[in-house]
Amino acid sequence: MARTLSAPVTVAFDYTRSTGPVLGRFLTGLRDGKVLGGRTSEGRVVVPPPEFDPVTHAAIDEFVEVAPTGTVTSWTWVPEPVKDQPFDRPFAFALVTLDGADAPLLHALDVTAPDQVSTGMRVRVRWADERVGAITDIACFEPVVGLDGVESDDPGPDRARPQPRNEAATERSRPTDVSGVVTPVSLDYLYAASPEESAFYRGLNEGRILGQRCPSCQKVYVPPRSACPSDGTPTAEEVEVSQTGTITTFCIVNVPFLGQKITPPYVSAYVLLDGADIAVLHLILGVEASEVRMGMRVEAVWKPEEEWQYSLENIDHFEPTGEPDADYESYRHHL
Amino acid sequence: MAKQPAAVVGVGQTHHRAKREDVSMAGLCREAIDRALLDANLTLDEIDAIVVGKAPDLFEGVMMPELFLADALGAAGKPLLRVHTAGSVGGSTAIVASSLVQAGVHKRVLTVAFEKQSESNAMWALSVPLPFNMPVHAGAGGYFAPHVRSYIRRSEAPTHVGAIVAAKDRQNALKNPYAHLKNPDTTVESVLASQMLWDPIRYDETCPSSDGACALVIVDEDTAAASPNPAWIHGTVMRSEATTAAERDQVNPQASRDAAAVLWKQAGITNPIEEIDAAEIYVPFSWFEPMWLESLGFAEANGGGWRLTESGATAMDGRLPVNCSGGVLSSNPIGASGMLRFGEAALQVRGAAGEHQVDGARRALGHAYGGGSQFFAMWVVGSEKPSN
Ligand SMILES: [Zn+2]
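Listed in order, the protein sequences are those of chains L and A. Residue numbers for the first sequence, in our numbering: 1 to 335. Residue numbers for the second sequence, in our numbering: 1001 to 1388.
Bear in mind the hints are in silico, worked out from the structure with no lab data behind them. There could be a bad hint or two in this list.
Covered stretches of chain A, going by a simulated chain L footprint (3 or more residues, C-beta under 8 Å) [unchecked claim]:
hint	region
1	1102 to 1115
2	1132 to 1144
Output of the computed footprint for chain A on chain L, the stretches with three or more beta carbons under 8 Å from beta carbons of chain A [stated by the list, open to error]:
hint	region
3	61 to 69
4	73 to 83
5	94 to 101
6	104 to 114
7	249 to 263
8	301 to 314
We put the beta carbon where it would ideally sit given N, CA and C, even for glycine.
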C-alpha cells in the first residue's frame, strides 16, 4: 500500500477577458478577415498591436492593415502536440513577419515534417471557416508554395494600408467591435495528502477519527498536520478522538454558488471533538438550522459502511446528541 | 543606517465597477497609474522601479500576470516585483514599494495593485472542493461568518451593529466619485431587512465584487520636496500567522495585535484613538469594523469596538472617522482593496480626499488583512515629516 493517498482534481473555469480598445480592434479585424498592426511612436508596425507604446507609454491609436502573407523568421518543431493545440499531429510553431509589419507574430504553420519549414520561407494566413473575433480566426499559416511545388497567389510585400484613426470614420454597417473573449482554462492536478493526513483518511475508512498530539505543546490536531502549526514540532503520537463533540461556532449558508456540492440552506459548523484541541468544519443536520446553537453537543452520523472511502465525507453529518449544551467556559478559548 | 524618509506624492485609482468591460487588465492598471503619475507630476520615465500586487491567480486565471503586464506598466528596463499576500496584498505591495525608498535603493517607486473580478468568480475560486475533504466551504463569507458569530458572542454585541457599519460606509461612498456601490437609500433598517446570506452576515453587510486598480507614487525626501502635500510614511508593518493552529484567536488574531503594537510604536503613537484623525480599515464584512477597532487598540477587547461604532464615533463627523471613502464594503477589487485603504489614508493627510475629506486630518491609518485573517499589513501616514 502506498504511504500516501492521492486523487485527481480538475480546476476548470471559462474565464473571460475584456480586450480593451487596442486588442479589441485587432480581434475585430480578424473577425472581418483583416490583420491589423499598431504603429508605434518609432514608426514600427507591430502585430498584434501592443496596448501601450513601448517608448512613450501612450495608448496605441494608429492601426495599419498588413498583408495576410509573410516570411518565417524562426520556427520550432512540435513532434508531440498536446491537447487543444492547433493540430493533433506534428506541426511547426513559427514566427511570421507579415508583409507590412516590422515584428513577427507567433502562430502554427501547417507542415507535416520539419524539412518542409525553413527560415525565410513565404507563408500566408489560412482563415478559419467561421470567424468570431479571436486569434483562432487565423486557423494557421500555410506555405505559399504548395507541397506540389505550385506557387499559389502571393501578392508579395508592400501591402500595408493605413486604417482610419477615428473609429467614427469607419463604415457604419459593421457589427459591434469585439470587446471580450472567453478563454476556458482546465488544469488537471493530482492532489496528494501528506502521510499524516493519509493516516487520518485511512482511519475514516475504518470508522475511526484519528489525530496526532504535539509532543511540545500537547495539543491534539485533527486532522494531523505533520508538524505543529504553533511550534513546528513534528507530530507522531496517534490519538483516536471521540465521535462526539461541541459546536463552537457556525454559519448558516443560504447563498447558492457555482460548484456548490450541498444545497442551501445548510449549517457549516466548527465541531470540537472530545479529546481534540482544534475544531473540524462539518455539516449539521437532524435539527432545524435556526435551532443550532453554540455549545450544542453533536455526534458523527456515518454513511453506510459500503459507501466508505478515504474521505471525511464518510461522516455524512453531525447531529445533536440531546445532551445539555456545553458550558461556555469549556469552548470559549476556541472562538 | 536609519530608514530614509519616504512619502506618497501620487495617488490614483480607477472608477470601480462590477464589470469594467471597457478596459483590459493592462488598461485598468494604467487608468490608476496615469492618475497617480499626474497627481505626482512625474512621468513613467522618471520612475525607478515598479511593484505590482494582486490576489490569487485563480481570480483571473492568469499565472504571473506581471509577466504580460510588464510592458504596459512601463517596466521595461526597470526592476519589477510582484507581491502576493491574498486580500492584504494591496497593503503589502505598498509597504514593499515604500521599503525600497526607505532603504535608499530607489528614489521614485510606482506601485499598483488590481483585480478584475469580472473575469472570473471569486466565490468559485475560493471554494474549489478538494479530494478527501468535506465540501462545506462557501467562499470568504462562509469562512468569516462563524468568526463574526464568535465576536458577537464574546463581546455580547447587539445584532444591529453590523448594519450601522454597512449603512455608514454606503453613505460615505456617495461622497467618493470612484466608489462602486452608490446606494443612497441604504439605512440601518434596510440593511437589517436584506437577505441573510451567511448567517449572521446579511447581504448588505458584504462587500461587492469589483473591477478596479489603485496606484501610488512613493518617493524619497528630495523628490518629495517638489510636492505641495506629501503624505509622509510614519510606520509600516506586516505580520503573518498560521491558519490552523489550535485555539488560534480568529476574532482578534495575535499577528494583528502584534502588528498594531509595532506600528504605533514606530509612529510614536501612544493613544491611537486620540492621535489618529482618520482610519481606512479593511472591512469586507461589516462586523470587522468593531473587531479590528479592538484588535488595533482603538477600543477595549470584547466589546469596546461595537460600543465605539454604535456611539457614532466612526462616522465622518465622529471622534475616529473610519472608511470615509466607503471602504471595502463599497468597492472591492480584492487585490487593490488594501492599497485603496493605504491610498485613501494618504489622501486624507494630504487634504486631497475631496468630499470625504476629514477636516484637518494630520495622521491616518491604512490597514489590510488577508487569507483566513492570517496576513496583516498596516501603515501610518502623516502630513508632517516624521521626527523619528
Ligand atoms: Zn505544538
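task = If any of the earlier hints don't hold here, list their numbers in rising order.
result = Hints 1, 3, 4, 5 and 6 not satisfied by this model.
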